[in-house]
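With chain F fixed as given, assemble chain D onto it according to the hints.
Sequence lines, in order, name chains F and D.
In this text, residue positions in the first sequence follow the numbering used here: the first is 166, and each later residue adds one.
In this text, residue positions in the second sequence follow the numbering used here: the first is -6, and each later residue adds one.
A portion of the hints provided could be inaccurate.
[What the hints assert, rightly or not] In silico DSSO-like links for lysine-lysine, alpha-carbon gap of 27 Å or less:
{"hint": "1", "chain 1": "F", "residue 1": "Lys168", "chain 2": "D", "residue 2": "Lys50"}
{"hint": "2", "chain 1": "F", "residue 1": "Lys276", "chain 2": "D", "residue 2": "Lys50"}
{"hint": "3", "chain 1": "F", "residue 1": "Lys203", "chain 2": "F", "residue 2": "Lys276"}
[Said to hold, decoys possible] Among the chain D residues that face chain F by a calculated CB cut under 10 Å, a handful are:
{"hint": "4", "residue": "Arg2"}
{"hint": "5", "residue": "Ile5"}
{"hint": "6", "residue": "Ser26"}
{"hint": "7", "residue": "Gly35"}
{"hint": "8", "residue": "Gln37"}
{"hint": "9", "residue": "Glu41"}
{"hint": "10", "residue": "Phe43"}
{"hint": "11", "residue": "Glu45"}
{"hint": "12", "residue": "Leu81"}
{"hint": "13", "residue": "Ala85"}
{"hint": "14", "residue": "Leu99"}
{"hint": "15", "residue": "Phe100"}
[Said to hold, decoys possible] Some but not every residue of chain F turned toward chain D, in silico, with C-beta under 10 Å:
{"hint": "16", "residue": "Phe233"}
{"hint": "17", "residue": "Ala246"}
{"hint": "18", "residue": "Gln248"}
The set of hints was computed from the structure by calculation and includes no laboratory data.
Even glycine gets a Cβ: it sits at the ideal position worked out from N, Cα and C.
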Amino acid sequence: AQKVTQAQTEISVVEKEDVTLDCVYETRDTTYYLFWYKQPPSGELVFLIRRNSFDEQNEISGRYSWNFQKSTSSFNFTITASQVVDSAVYFCALSRLDDMRFGAGTRLTVKP
Amino acid sequence: KAGVTQTPRYLIKTRGQQVTLSCSPISGHRSVSWYQQTPGQGLQFLFEYFSETQRNKGNFPGRFSGRQFSNSRSEMNVSTLELGDSALYLCASSMDRAGPGDTGELFFGEGSRLTVL
Chain F
166 AQKVTQAQTE
176 ISVVEKEDVT
186 LDCVYETRDT
196 TYYLFWYKQP
206 PSGELVFLIR
216 RNSFDEQNEI
226 SGRYSWNFQK
236 STSSFNFTIT
246 ASQVVDSAVY
256 FCALSRLDDM
266 RFGAGTRLTV
276 KP
Chain D
-6 KAGVTQTPRY
4 LIKTRGQQVT
14 LSCSPISGHR
24 SVSWYQQTPG
34 QGLQFLFEYF
44 SETQRNKGNF
54 PGRFSGRQFS
64 NSRSEMNVST
74 LELGDSALYL
84 CASSMDRAGP
94 GDTGELFFGE
104 GSRLTVL
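Looking at chain F on its own, in the form it has when it is part of the complex:
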């Protein structure tokens, strides 16, 4: 069975702090895809990144960076110099051939 665990239910930081959101997954498949989505208060999920299981290269996009480590089954997400607009619920998700699972989400609050 596959599973996504986001152990951090809520995180609160002050603007300009760096913050890392953890994601640990379980799967027996060798081919799978990992995602991060952002859900602002309006409700829609906004796609942030997709990574396949064969690509462990870390990625940086502006203030966002992702660290994929198959050895620890983790796909962590770091926001550098956080801003108030980063406040949202962030979901990690795992997709394989016939199933897609989301983590429980981490609510990030960035205070001014």
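Positioned in the frame of chain F, the structure of chain D alone reads:
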């Protein structure tokens, strides 16, 4: 380019009633998937449609059903509503197959918030 549109945004029903939710995907997208989001269970996959055919189905009872029309618009129906069906129902579309197993980006709507009294 218009995003994924879901209607209605909010609705209130009573137990035993049925409800139909609508989703209009992004123009050109042929795949639509539905998710249920609740505080207790989080985001759960309901089903996925591609070219009017249900391609995948999550672990939900038969009271939950859906369909897709030739213009890719999709509806989902929940019959004999229960209190536990209160949730945010999210629709997502993608150009190729959406939902489980797909590698493409999913574009989500803002959801339909259903309250069952």
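These are the hints, each one checked on the structure:
| no. | hint | result |
| --- | --- | --- |
| 1 | F:Lys168 x D:Lys50 | 17 Å, holds |
| 2 | F:Lys276 x D:Lys50 | 40 Å, violated |
| 3 | F:Lys203 x F:Lys276 | 18 Å, holds |
| 4 | Arg2 | 9 Å, holds |
| 5 | Ile5 | 17 Å, violated |
| 6 | Ser26 | 8 Å, holds |
| 7 | Gly35 | 5 Å, holds |
| 8 | Gln37 | 8 Å, holds |
| 9 | Glu41 | 9 Å, holds |
| 10 | Phe43 | 13 Å, violated |
| 11 | Glu45 | 20 Å, violated |
| 12 | Leu81 | 6 Å, holds |
| 13 | Ala85 | 7 Å, holds |
| 14 | Leu99 | 6 Å, holds |
| 15 | Phe100 | 7 Å, holds |
| 16 | Phe233 | 15 Å, violated |
| 17 | Ala246 | 26 Å, violated |
| 18 | Gln248 | 22 Å, violated |
Of the numbered hints stated above, those contradicted by the structure are hints 2, 5, 10, 11, 16, 17 and 18, listed in ascending order.
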